[in-house]
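Q: Line by line, the protein sequences give chains A and B. For the first sequence, this note's numbering assigns the number 1362 to the initial residue and increments by one for each residue that follows. For the second sequence, this note's numbering assigns the number 515 to the initial residue and increments by one for each residue that follows.
Rather than coming from a laboratory, the hints here were simulated on the basis of the structure. Heads up, the beta-carbon is just placed ideally off N, CA and C, and yes, glycines get one too. Be aware that one or more of the hints could be misleading.
So the derived label-pair ranges between C-beta atoms look like this [unchecked claim]: (1) A:Ser1368 / B:Ser540: 30 to 38 angstroms; (2) A:Gln1402 / B:Ser540: 44 to 52 angstroms; (3) B:Tyr565 / A:Gly1432: 27 to 35 angstroms; (4) A:Ser1399 / B:Tyr565: 23 to 31 angstroms; (5) B:Leu525 / A:Gly1420: 23 to 31 angstroms; (6) B:Asn580 / A:Glu1429: 18 to 26 angstroms.
Taking lysine-lysine pairs in the BS3-like style, the calculated list, with each CA pair at most 30 angstroms apart, reads [as the list claims (entries may be wrong)]: (7) A:Lys1378 / B:Lys556; (8) B:Lys570 / B:Lys581; (9) B:Lys622 / B:Lys556; (10) A:Lys1372 / A:Lys1418; (11) B:Lys619 / A:Lys1418; (12) B:Lys581 / B:Lys622; (13) B:Lys516 / B:Lys622; (14) B:Lys619 / B:Lys556; (15) A:Lys1376 / B:Lys619; (16) B:Lys619 / A:Lys1372; (17) B:Lys516 / A:Lys1418; (18) B:Lys516 / B:Lys619; (19) B:Lys570 / B:Lys622; (20) B:Lys581 / B:Lys516; (21) B:Lys581 / A:Lys1418; (22) A:Lys1372 / B:Lys556; (23) B:Lys619 / B:Lys581; (24) B:Lys619 / B:Lys570; (25) A:Lys1418 / A:Lys1378; (26) A:Lys1418 / B:Lys556; (27) B:Lys556 / B:Lys570; (28) B:Lys556 / A:Lys1376; (29) A:Lys1376 / A:Lys1418; (30) B:Lys622 / A:Lys1372; (31) B:Lys556 / B:Lys516.
Which residues of chain A face chain B? A few of them, derived with a C-beta cut under 8 angstroms, are [unchecked claim]: (32) Tyr1409; (33) Glu1462; (34) Pro1467.
These are the residues of each chain, in order.
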Amino acid sequence: GAGVSQSPSNKVTEKGKDVELRCDPISGHTALYWYRQSLGQGLEFLIYFQGNSAPDKSGLPSDRFSAERTGGSVSTLTIQRTQQEDSAVYLCASSRDMAGEQYFGPGTRLTVT
Amino acid sequence: QKEVEQNSGPLSVPEGAIASLNCTYSDRGSQSFFWYRQYSGKSPELIMSIYSNGDKEDGRFTAQLNKASQYVSLLIRDSQPSDSATYLCAVNPSGAGSYQLTFGKGTKLSVIP
Chain A
1362 GAGVSQSPSN KVTEKGKDVE LRCDPISGHT ALYWYRQSLG QGLEFLIYFQ GNSAPDKSGL
1422 PSDRFSAERT GGSVSTLTIQ RTQQEDSAVY LCASSRDMAG EQYFGPGTRL TVT
Chain B
515 QKEVEQNSGP LSVPEGAIAS LNCTYSDRGS QSFFWYRQYS GKSPELIMSI YSNGDKEDGR
575 FTAQLNKASQ YVSLLIRDSQ PSDSATYLCA VNPSGAGSYQ LTFGKGTKLS VIP
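Could you build all of it, start to finish, from the sequences and the hints given here?
A: In structure tokens, the structure reads:
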């Protein structure tokens, strides 16, 4: 079946602009995660959604970052007033349930100029 | 700070040999352990999960877990050039609602033809 999809695959934006990144999880997966991966850095957890529960936002690096998950499916990660240090690959993953195996999408490469 | 440590490599092995990748973790209460393979410019791909002490085999891959030593490893038998990639160890730490993964920075494996 279809895997996790993300869009756009690449995004170049100017410093100070807002960006929206989209994730469409595997059908039937109730848990959705956002991570980011910077050059030379490991994968860093950002936010986690499970069903209709309140999201775990403990990994968001600043209040410029926010995320929503509509209808328990598609999620949007929004970065306001982007900074150069936000440049990274943003990865979305989903799992059948909490604590299950996580499957990653292809990622969105964000470049802030 | 819950940490996952891996030797960054590169680890070079000849084609047909056994590649051994190691990972240690700091959170003694961790319950779930995963190995991901990441090709350059691609997103992580799940290759193994392990939850109990001992060995788990899947084709040419064997994951080994020793919770007492806080150690998890991945063996790749009959290594092929196509196995050349970065291998990420991921741990689901303990704690209420902690379902995000903590990743090591990865070991780069190079299989020499």
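Q: The structure should be examined with respect to each hint, and the outcome stated for every one.
A: Taking the hints in turn, this is what the structure says about them:
1. The supplied range of 30 to 38 angstroms is met by Ser1368 of chain A and Ser540 of chain B, whose beta-carbon atoms lie about 36 angstroms from each other.
2. Restraint check, Gln1402 of chain A to Ser540 of chain B: a C-beta distance of roughly 18 angstroms breaks the suggested window 44 to 52 angstroms.
3. Look at Tyr565 of chain B against Gly1432 of chain A: about 31 angstroms separates their beta carbons, and that is inside 27 to 35 angstroms.
4. The hint said 23 to 31 angstroms for the Cβ distance between Ser1399 of chain A and Tyr565 of chain B, and at roughly 30 angstroms that hint holds.
5. Restraint check, Leu525 of chain B to Gly1420 of chain A: a C-beta distance of roughly 29 angstroms satisfies the suggested window 23 to 31 angstroms.
6. The hint said 18 to 26 angstroms for the Cβ distance between Asn580 of chain B and Glu1429 of chain A, and at roughly 41 angstroms that hint is violated.
7. Under the criterion of a C-alpha separation no larger than 30 angstroms, the hint pairing Lys1378 of chain A with Lys556 of chain B is consistent with the structure, at around 26 angstroms.
8. A distance of roughly 14 angstroms separates the Cα atoms of Lys570 of chain B and Lys581 of chain B; the hinted pair therefore holds under the 30 angstroms criterion.
9. Taken as a hint, the Lys622 of chain B and Lys556 of chain B pair is honoured in the structure, with Cα atoms around 14 angstroms apart against an allowance of 30 angstroms.
10. With a C-alpha separation of about 23 angstroms, the suggested pairing of Lys1372 of chain A with Lys1418 of chain A holds against the 30 angstroms cut-off.
11. A threshold of 30 angstroms between alpha carbons decides the hint, and for Lys619 of chain B with Lys1418 of chain A the separation of about 22 angstroms falls inside it, so the pair holds.
12. With a C-alpha separation of about 24 angstroms, the suggested pairing of Lys581 of chain B with Lys622 of chain B holds against the 30 angstroms cut-off.
13. Straight-line distance between C-alpha atoms of Lys516 of chain B and Lys622 of chain B comes to about 22 angstroms, which keeps the hinted pair within the 30 angstroms bound.
14. Restraint check for Lys619 of chain B and Lys556 of chain B: satisfied, since their Cα atoms lie roughly 15 angstroms apart, inside the 30 angstroms limit.
15. A C-alpha spacing of about 28 angstroms is found between Lys1376 of chain A and Lys619 of chain B, which places the hinted pair at or below 30 angstroms, so the restraint holds.
16. Between Lys619 of chain B and Lys1372 of chain A, the direct Cα distance comes to roughly 25 angstroms. Compliance with the 30 angstroms bound is thereby established for this hinted pair.
17. Restraint check: the Cα-Cα separation between Lys516 of chain B and Lys1418 of chain A comes to about 17 angstroms, which is no more than 30 angstroms; the hinted pair holds.
18. In summary, the hint linking Lys516 of chain B to Lys619 of chain B is supported, as the alpha carbons are separated by about 14 angstroms, within the 30 angstroms threshold.
19. Only pairs whose Cα atoms come within 30 angstroms are accepted, and Lys570 of chain B paired with Lys622 of chain B is accepted, the gap being roughly 22 angstroms.
20. Taking the CA atoms of Lys581 of chain B and Lys516 of chain B, the gap is near 15 angstroms; set against the 30 angstroms cutoff, the hint holds.
21. Under the criterion of a C-alpha separation no larger than 30 angstroms, the hint pairing Lys581 of chain B with Lys1418 of chain A is consistent with the structure, at around 29 angstroms.
22. Of the pairs offered as hints, the one joining Lys1372 of chain A and Lys556 of chain B holds, with about 16 angstroms between alpha carbons and a cut-off of 30 angstroms not exceeded.
23. Of the supplied pair hints, the one linking Lys619 of chain B and Lys581 of chain B holds, its CA atoms being roughly 20 angstroms apart against a limit of 30 angstroms.
24. A hinted pair counts as satisfied when its Cα atoms are at most 30 angstroms apart, and Lys619 of chain B with Lys570 of chain B qualifies at roughly 23 angstroms.
25. This hinted pair checks out: Lys1418 of chain A and Lys1378 of chain A have alpha carbons roughly 22 angstroms apart, not beyond 30 angstroms.
26. Restraint check: the Cα-Cα separation between Lys1418 of chain A and Lys556 of chain B comes to about 26 angstroms, which is no more than 30 angstroms; the hinted pair holds.
27. The suggested pairing of Lys556 of chain B with Lys570 of chain B holds, with an alpha-carbon distance near 26 angstroms, which does not exceed 30 angstroms.
28. A threshold of 30 angstroms between alpha carbons decides the hint, and for Lys556 of chain B with Lys1376 of chain A the separation of about 25 angstroms falls inside it, so the pair holds.
29. The hinted pair formed by Lys1376 of chain A and Lys1418 of chain A meets the criterion: a straight-line CA distance of about 24 angstroms does not exceed 30 angstroms.
30. For the hint pairing Lys622 of chain B with Lys1372 of chain A, the CA-to-CA distance comes to about 27 angstroms; that is within 30 angstroms, so the pair holds.
31. At most 30 angstroms may separate the alpha-carbon atoms for a hinted pair to count; Lys556 of chain B and Lys516 of chain B meet this at roughly 26 angstroms.
32. This hint holds: Tyr1409 of chain A has a C-beta 5 angstroms from the nearest C-beta of chain B, less than the 8 angstroms allowed.
33. For Glu1462 of chain A, the interface hint holds, the least distance from its beta-carbon to any beta-carbon of chain B being 5 angstroms, beneath 8 angstroms.
34. Proximity of Pro1467 of chain A to chain B holds as hinted, the smallest CB-CB distance being about 5 angstroms (cut-off 8 angstroms).
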